[in-house]
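Peer 1: Here is what each chain is made of, one letter per residue.
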Amino acid sequence: MHRGQAKTPRAWLVAALGAGLALGAGVARAQPSSNAPSPNAPSSNAPSSNAPWRPGATSDDAAKTVDDAEDVAVPAPEFVDPAFGPRYVIEDVVVRGNRKTKTALILAELGMQAGDAIVASDPRVDAARFRLLALGHFIDARLSVERGQRRGGVVLLVEVEERGTLVINELYPSTSSATAFWGGADVSDTNFLGRGVNLGGGFVASTKPIVFGAEKGLGLRLHGSIPERQGPAGLGLSATALYDDGSEFFRTSGTDEDADPGRFAAVNTRRAGGVLGVGRTLTRAWHASLDLRGESVRARLPPQRARTLPDGTTAPIDFDVREGASRVATVAVTLDYDTRSDPVLPRAGARVVGTLEAGGPLVGGSYGFGKALVQASLYTKMPRGHALGFHLLGGAIVGEAPYFDQFFIGDLNLLLPRRALGMNFATLPSRNLLGTTIARHRYDDYAARALVEYAIPVWRRRGFVYGGDAFAAVGLLGMASGGDLDPPGPFAWSHLPVDLTADLGLRLDTYVGIFTISIANALSRSSF
Amino acid sequence: MNAHRPALRLDLALLAIVVASSGAARASDEVPRRTTGLALTPAQLVVSVGLQDLFGPDDRERLKSGFVTRVLVRVALQEEGSSEPVAIAFQRTEIVYDLWDERFRLRITRGTGPDVHLDARTPDEAIARAAALWDFPVVEAARLRPGAAYVVAFRGDLNPISEEMLADVRRWLVQPARGQRRVGTGDSFFGSFVSIFVNPRIEDSERQLRFVSQRFELRQVRTAKGGHP
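Heads up: the protein sequence lines correspond to chains A and B, in order.
One gets this note's numbering by counting positions in the first sequence from 1 and adding 62 to each.
One gets this note's numbering by counting positions in the second sequence from 1 and adding 59 to each.
To be clear, the hints were calculated from the coordinates, so they are not data collected in a lab.
For every residue, glycine included, the Cβ atom is placed at its ideal position computed from N, Cα and C.
Incorrect hints may appear among the rest.
Have a look at the derived ranges for each label pair, beta carbon to beta carbon [stated by the list, open to error]:
(1) A:MET444 to B:ALA191: 36 to 42 Å
(2) A:ARG158 to B:ALA207: 53 to 59 Å
(3) A:ALA512 to B:GLY140: 40 to 46 Å
(4) B:GLU138 to A:ALA534: 32 to 38 Å
(5) A:THR165 to B:VAL257: 20 to 26 Å
(6) B:GLU143 to A:LEU255: 54 to 60 Å
(7) B:GLU138 to A:GLY245: 53 to 59 Å
(8) B:ALA191 to A:ALA170: 39 to 45 Å
(9) A:ASP251 to B:ASP157: 40 to 46 Å
A few chain B residues that don't get close to chain A, going by computed Cβ distances all over 12 Å [claimed, not checked]:
(10) GLY109
(11) ASP112
(12) THR181
(13) ASP183
(14) GLU184
(15) MET224
(16) ALA226
(17) ARG281
Reference listing, derived: stretches of chain B covered by chain A, where coverage requires no fewer than 3 residues with Cβ under 8 Å from a Cβ of chain A [stated by the list, open to error]:
(18) 158 to 171
(19) 258 to 271
When you get a sec, could you build the whole thing from the sequences and use the hints?
Peer 2: See below:
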């Protein structure tokens, strides 16, 4: 199956019709023109087959057809009349096959009820089916009608086939020179008690790091959400409880590139709190959310509060967390714009997520800071079904943010271990492939990254593995804090805190989930 | 770094296995050939072939759902060795079962031609009318070059859906808690390096059928008796 063309089905139809339908019985020339009006303007709700199709694929050349269909997609006409067929009046609605999911939840998605009149080709029927499928609770959902009490009256039958709704969101097994092992998982039930509520939890636990003063790490999350269709006033509600008890490592000696755990001392921090959020889908592409976050923090700093520099001098260590008890309280607004053609193997569209978070004494926190973060991914089609992606990230913090709210090098550099449930277990600096000052930067107030990714489809088929892309990504990242923006002495490129990052691997979309097998995963996250 | 080596080996091994097996996957993706009736009317090349196997047993059952079943057949003539179609054509059909008259109502449209309304008494008859092409015009005969080799490619879709709807459903299935997973506090935007769940495939149509005709040249095409039906 081939998908992902930029033109909409409507555009294809217009193009096909404009191409000059040479014969009245349905022959279209292959060369489409783009602007000819359609005599049968399709309804926006009319379904269409949009799949680009390489029509001339023969057995001899099928091997090169995996997704080069985009080059010569045949126009996909639409079905134009939603009024074909008999008209019914719904006398009753019967739901079958739902052993776990509440009937009321299904009825709420239908958009049709007893007393409504519908036509056999009513677009609401397809829409209802796909709304049910989009709940994520069913493998299939079907609508049909049976004769009612009188001619024209029908009983609307809704038959669903439930699926497992347990989702493993993430696995965290990994290892580093500082921490022999850390691991855990994040699991959700997307249809808790059959009520459509998403409830889940995650944990990560570590062995005791071999950093002076460090303790075993434990992170816990409990998260739940009520979808918009069930929330008050059409709002989605979410809540997350968090507990992190672990160590962060601060360099006490050695060069910036030296990852020896013996050259670090640990700050032990315990965080407990949560996030309450409301969200709303504004349009098909836009989603907005508001989050309130509160945390109680207790930090124990190491006795060694200064770093011995390579030249023998010492400098105080900024731990970026208050010793003893403190609080974090913030308000965050997030806007999410998503038009990607597919969330796993996109070929077109974009996703942009912007978050503004602010906290301080005004909302009950000990740390006054503001944080802005924008992340964007843009995909464009290339010949032969390939895709080019651009990923951009930019963020800035003003004020006094605790270290765990600052930008962390492991979250930016694909080649480093990233944080698990907000906790770091490694002492690795950035790889410093450009010979800059980046190794000095672990937690910072400013961060930026630009990645270019090229994806080649290697797998499109029915069966267990639906699709797979080989991908290669390369990019540049940079981190800085206040003092880095105006370094002493003359400008030199090597003074810029930037580094290269890259990845190479396979992204798989399968019946049992989504997997990325890549060099960076192996180096950093050990995703299996 | 040494601590990462076992994981690196595992990933590289899996990478090699998947890349190696992708060749086998491609081989299995070959589009089959199906013998197709070809004829020349005075003006057109017409084809006759059946796509009734677009309907599976469950799809036959659902014909009586009382709601419309849609069939889209797309046909493309292509010169062998070229990726550009010479001509394309399509036929769309809607089938609905009348619960009270107990017969199938069909509306068939070829390209921008007029709608043709038909009745069918049985599912087989309805399927044949929707999915079998009889003397289906593909291209003006004058556009065929003597000596050139052609194939006709066919694709049938049962109940196609829109690209936007497909993307939405996929997005909701893969990210059921959109808006809940706030990025920027230790999460990675490039996200799920592993996410395990029952991930049903949602196609852009419920069933698809693709095949190509036998290779042919203009001189091998018979002249239709009586011209275009």
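Peer 1: Now tell me if each hint is right for this structure.
Peer 2: We went through each hint and held it up to the structure:
no. : hint                             : verdict
1   : A:MET444 to B:ALA191: 36 to 42 Å : holds (38 Å)
2   : A:ARG158 to B:ALA207: 53 to 59 Å : holds (56 Å)
3   : A:ALA512 to B:GLY140: 40 to 46 Å : holds (42 Å)
4   : B:GLU138 to A:ALA534: 32 to 38 Å : holds (35 Å)
5   : A:THR165 to B:VAL257: 20 to 26 Å : holds (22 Å)
6   : B:GLU143 to A:LEU255: 54 to 60 Å : holds (56 Å)
7   : B:GLU138 to A:GLY245: 53 to 59 Å : holds (58 Å)
8   : B:ALA191 to A:ALA170: 39 to 45 Å : holds (42 Å)
9   : A:ASP251 to B:ASP157: 40 to 46 Å : holds (43 Å)
10  : GLY109                           : holds (18 Å)
11  : ASP112                           : holds (15 Å)
12  : THR181                           : holds (18 Å)
13  : ASP183                           : holds (20 Å)
14  : GLU184                           : holds (18 Å)
15  : MET224                           : violated (5 Å)
16  : ALA226                           : violated (6 Å)
17  : ARG281                           : holds (19 Å)
18  : 158 to 171                       : holds (count 8)
19  : 258 to 271                       : holds (count 10)
The structure does not agree with the numbered hints 15 and 16 stated previously, though it agrees with the rest.
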